[in-house]
Every structure is written in C-alpha cells, then in structure tokens.
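Protein chains: 2
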Amino acid sequence: MMTTIKDVANYANVSVATVSRVLNNKGYISKTAEEAVLKAIKELDYRPNSVARSLYHKTSNMIGLLMPDITNPFFPELARAVEDVAMSYGYTVVFCNTDEEMEKEKTYFEALKQKYVDGMILTTSNMDSTKYDEFDIPLVALDRIISERIPTVVSENKKGAMEATQHLIERDCKYIAHLRGPVGVRPADDRYNGFIEIAEKEGIGYVTADTQFSIELAEEKTLELFQSHPEIDGIFASSDVTAAGAMHALFKLNKQVPQDVKIVGFDGIPLGTMLVPSLTTIQQSIYKMGEKATQLLIDQIEQKAIDTYYHEFPTSLVVRHTT
Amino acid sequence: MMTTIKDVANYANVSVATVSRVLNNKGYISKTAEEAVLKAIKELDYRPNSVARSLYHKTSNMIGLLMPDITNPFFPELARAVEDVAMSYGYTVVFCNTDEEMEKEKTYFEALKQKYVDGMILTTSNMDSTKYDEFDIPLVALDRIISERIPTVVSENKKGAMEATQHLIERDCKYIAHLRGPVGVRPADDRYNGFIEIAEKEGIGYVTADTQFSIELAEEKTLELFQSHPEIDGIFASSDVTAAGAMHALFKLNKQVPQDVKIVGFDGIPLGTMLVPSLTTIQQSIYKMGEKATQLLIDQIEQKAIDTYYHEFPTSLVVRHTT
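Line by line, the protein sequences are chains A and B. Yeah, the first sequence ends on 323 if you go by the UniProt record's numbering, and it's all consecutive. Yeah, the second sequence ends on 323 if you go by the UniProt record's numbering, and it's all consecutive.
Hints listed in this document are in silico derivations from the structure and should not be mistaken for laboratory results. Note that the structure is a prediction, hence the values are computed from the model and not measured. Please note that the accuracy of each hint is not assured.
Same chains, same names: a pair is fine if it fits in one copy or spans any two.
[Claimed, not checked] Think about it this way: if two alpha-carbon atoms lie no more than 30 angstroms apart in a straight line, the pair counts; the simulated DSSO-like pairs of lysine-lysine are:
{"id": "1", "residue 1": "Lys158", "residue 2": "Lys292"}
{"id": "2", "residue 1": "Lys131", "residue 2": "Lys106"}
{"id": "3", "residue 1": "Lys39", "residue 2": "Lys104"}
{"id": "4", "residue 1": "Lys255", "residue 2": "Lys201"}
{"id": "5", "residue 1": "Lys106", "residue 2": "Lys42"}
{"id": "6", "residue 1": "Lys104", "residue 2": "Lys288"}
{"id": "7", "residue 1": "Lys106", "residue 2": "Lys292"}
{"id": "8", "residue 1": "Lys113", "residue 2": "Lys292"}
{"id": "9", "residue 1": "Lys288", "residue 2": "Lys106"}
Turn these sequences into a full structure, and let the hints guide you.
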C-alpha cells in the first residue's frame, strides 16, 4: 500500500492542507505542526508523488535536451555533462534527436511542454528564432546561437580556427585545404572565417571545400581536392570526424601523415586519440560547456538572476601526431 | 489561456465526467455526447494535459534508459534506436548514466518511479537480480542478462567470438592474444569462452589479458603482452574500443598492421571505419537490438502478450583492413 498525503495528515493529527503547506514550504505553519508532519513523513516513508507535484506547481523536475543526433560523436560528452549536472540538482533529462528537422523539433517542443518540462537545452535550432519565444519556458542555446534573449554557450570557434591555421603554417605547410562544415551553422561559419583570415594575412595558398560533419563526404571531398590541387600539404578540418574522413582519403592516395600532409581537426572528441596517428586538434571544453548550459538553465528555472547571457569558452591547440 | 476540460464540457454541453469518459475511452457514452465532445475538443484545440493523465492513469508515456555511460561509443547508436522507436509510439525517453554504480542505479529507479515512468530498458545492472522484481514496472534487459523474468535482447556473443578467432587462424595467425572484457559481464564472458573454445580446438598458441572496455588499459595490456609474448601475430579484442587501444600499442612498438599483427574487434561501431587501417570486426546489430528492446518494453506497457523472452541477434564478420 502506498502512503498517501491523507495518511500523513492522520498520523500527524493535522489537516491535509497543513501537510501540503509543509511539503510546498508555503504559508504559515506552526513549529509543532511542522515537526509532527516531518516526523509522520519519515515514519510512514511517505514520498510526495512527483506527478502530483507537477500538476500543482506546473513543474516536473525534468529538462529536455534537443540534439541533432546522439550518434554524432560530438554529442555524447555534451549529453553526459548535461545529465550529470541535472542529476546533481534532482532533475532528470529527456533526450531528443531532431535530425535537424523542423517538424521533429516542433513535435518535441509540444510533447515536452505537455509534460511540464521545466526547460530545454538546444544544441540545434531549425525553427525561426522568434518561434522559440512562443514556448514560454526557460531555454539555453548550446553550441548554437539562436537569439539574444536566450542564454548562449559556445566555443571561441574563430579564434580556435585561427590557431589551427597558424599551427599548420608554422609546421611549414605551403598550401592548405579547409574542409568547411555546414554553411549557415554558426560555429562552422566562424571556423571558416578564422581560417580565411589567417590564410589571407599570411599570404599562403589555400582552397576550401564544403562538407558536412560526416566522414564519408569528407573523404570524398578530400579525394576531389587532391585531384585538382595535388600540392596540398596541410588540411584544417572543421571537425574531428571530418579530419578522420580526410585521413582515409590520404591513406587511399598513399600519402603519409604527417610527412606528406599535416592535419588539424576541431572538437577534441575521444575519436582523435583513437586515430592512428593520433589527431592534432583544437580542443573545445565540451564537458564544461554542457555543465555551464545546464547551470544556466537551472538558474532560470529557479528564477535566479542571470548576469551574462553570452558565454564563450576558450579552445586550445592539442598537438598530437598528425602535424 | 489554456483550454481546460471544463471548457470542453461547457462547449459540448455535457458534464466533465462525460468528457473524461470520452478521453479515457471508458464507461458508457451516448453517440451524440461523444460526437459533441470530440467536436468541442477539435474546435477549442484542447490538449488533455499529460501530467494530469499521468496522475489519473499512473502512466506518463515516458520510458527510462539506464546506461553505464553514453560516452562509451557502443551506447549512442543503441540510445538512438530506443529513442526512435519510443518516439514513433508517442513515448519520450529519460536517459541515465549509472557508471555501473549500484547507488546511482537505485537513485534513478526511485526518481523515475516517482514520475510514473512506464518502463525501463536496462543496459546495465548492478543490483541483485531479485531487486528488479521489487520495482513493479515493465523492464527489458539489453546487452545484459539479468533474470529469466525480464525480456532480454543480446547478441550471439560466443558465436561471434568463435568466428573472429577462426578468421585470425585462417589468416595464418599462429599465436593469438585475446584482450578480454570485464570479467563477470556476460557478453564479455561469452566472447572469452568462444575464443578459448576455438583456440583449444584448433590447437593454436594463445594468451589472454583482462581489460575493461577502455582504450588506455587495452594499450597498456597490449604492450605488456608483447613484452612477454613477442611472437603474438593476431589479436582478438573484446570490443572495438579495446582494438583501438591495441592498435596504438602496435604503433608504439613499430609493428605494422596487418603485415606483422592482425586484429579483429567486436561491436561494429563507427569508430572501426574511422581507424586507419579500418578495423575488421564482429558486427552486432546494435540498432536492431535497440529497436527490439523498445518494442518488447512497449508491448509489456500496453499489456500485449510476449511470446519469447530471450532474443539473440546474429553477428557477422566484417573484414576490413586490419586482417
């Protein structure tokens, strides 16, 4: 038999309303009554039902995490950080793969609102930025920039890309290819701009190709690039997965890494250490970004003041064996 | 203003109880009343609140997914499959990382029960198997074997391991090392047993080392093995991540893969295709297993009969460039 609030009231010899006031920490309660209620709760092992509380408070102690696709190796670490922080505050995490499809995203927003989810972290956004204001719940943008009204956590993408490009030049690369990420996705665009800025400033030969964050396409585009530009001796890839694709192409072309061609990726996911040779990359603070985003979300949910809406995390060059 | 059940009742000119009967498809309702209610629901765009329904039905259209750690690259594809199937049935997924810690697992069970989660998929189990019966909700064991009373989805681990070992022997390996997974974890034990059975039957030289599914430990153990057994010319690793660790060790030892040493992994995760040379492995039907497990859970939740409790999925040898 499950203990009900009525059992607690009877045991404590108070009204149900009094138990409710204690549970919700609202309204006047005499010290004696409070102690009686707390004792009853303990003795009866009463657990206030969280669904009932959701209904009452319109809150569920749940947050939603919208991702493009958890099988993209950038996301598990981010998801892990979100879940760790959420858990430490007593929130559970509902995770949603949108495949960058607007319809899926909408469906999730509706479904999670119905469950009184307390807030959402968006690592993807395919609706108009004004749309997000209509859902009247706390939001945080993570690795995406959606609107000034939504607290945002991103990496110093441009600065990282500049450092990557500079590193290839310092390692004596004369003709550098950039495997660009999806056009229109802000972090990828920022990396592209950082690359161009340094390549132009240093007066080095360069070429770029549009890719997605996919290994197959990166391999294909790298093979194409080498057909038209066999002089390429350095590659800056917009992600570590893209870099892995480039390495496959070089293996097929019988080019040695790093002797013939040097490669720098971007992300710092575990994949980079698993590649042979291991990948030089621009390390993002993935876990810390996930932590910060979750903290910002919970601060909003708990109606704490948020001083800064825009948070940029530093990146760092990690030199391994591809440069 | 949100539409309430009362608005619907007023609009349809029936009682709230009648609307409730229509919504829950329970008890007698006249055809006229039903039509009026359905029309009112449509006109008013009424969405029965899912938290209220949870409370009433003790169901939430949520399922829990317990994993050791989403950053272990075996799990994202599994999680993706669970979420895809759940979504197609209108369920959302709460995901939980237990780090194989019993206390965390317990905490999640309690937290999710409080939210009337409809069922849970366990890819990890650290409590006594009898403990799971106490939580009176549908469960499915995925990639783990917990109890005969819990529907179970696993790979043909032993058979896959036998095929891996046979393949190394066919590729002329004379002395094979097995990097064993965590002792006591059933899939890892089954792979170990499959390896031993073939090695013994074929009368080949062999050695084994205990590892976890971790890249660092696998590298370390491989270096140790080669110190004591420099004649090793084949490695069967209990997971693809373990195989990646072995490849790093061989790179350090200046051994060529596959010329000097051949390697077979187990899992068939994307990492294998990203490694250079790409990894020969035993492919599990990871996505299909996730689908099946979710289907079995939803069947239980919806009180459909389950014919078979134990589901073994075939594995297949995928020959790439390490053998």
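Evaluated hints:
Taking identical chains as interchangeable, the C-alpha atoms of lysine 158 and lysine 292 lie at most 30 angstroms apart only when both belong to the same chain, with a minimum of 20 angstroms there against 44 angstroms between chains. With identical chains, the CA atoms of lysine 131 and lysine 106 are at most 30 angstroms apart within one copy only, with a shortest distance of 10 angstroms there and 39 angstroms across copies. For the identical chains of this complex, lysine 39 and lysine 104 are inter-copy neighbours only, at 27 angstroms across copies versus 47 angstroms inside a copy, given an alpha-carbon limit of 30 angstroms. In the homo-oligomer, the alpha carbons of lysine 255 and lysine 201 lie at most 30 angstroms apart inside one protomer (28 angstroms), although the nearest pairing across protomers, at 42 angstroms, exceeds that limit.
Within a single copy, lysine 106 and lysine 42 get their C-alpha atoms only as close as 43 angstroms, which misses the 30 angstroms cut-off; across copies the closest is 19 angstroms, which meets it. Taking identical chains as interchangeable, the C-alpha atoms of lysine 104 and lysine 288 lie at most 30 angstroms apart whether they share a chain (28 angstroms) or sit on different chains (22 angstroms). When the C-alpha separation of lysine 106 and lysine 292 is checked against a cutoff of 30 angstroms, the pair qualifies both within a copy, at 25 angstroms, and between copies, at 27 angstroms. For a Cα distance limit of 30 angstroms, the shortest separation of lysine 113 from lysine 292 qualifies both inside one copy, at 23 angstroms, and across copies, at 28 angstroms.
Proximity of lysine 288 to lysine 106 under the C-alpha cut-off of 30 angstroms is found in both arrangements, the shortest distances being 28 angstroms within a copy and 27 angstroms between copies.
Taken one by one, the earlier hints all hold for this structure without exception.
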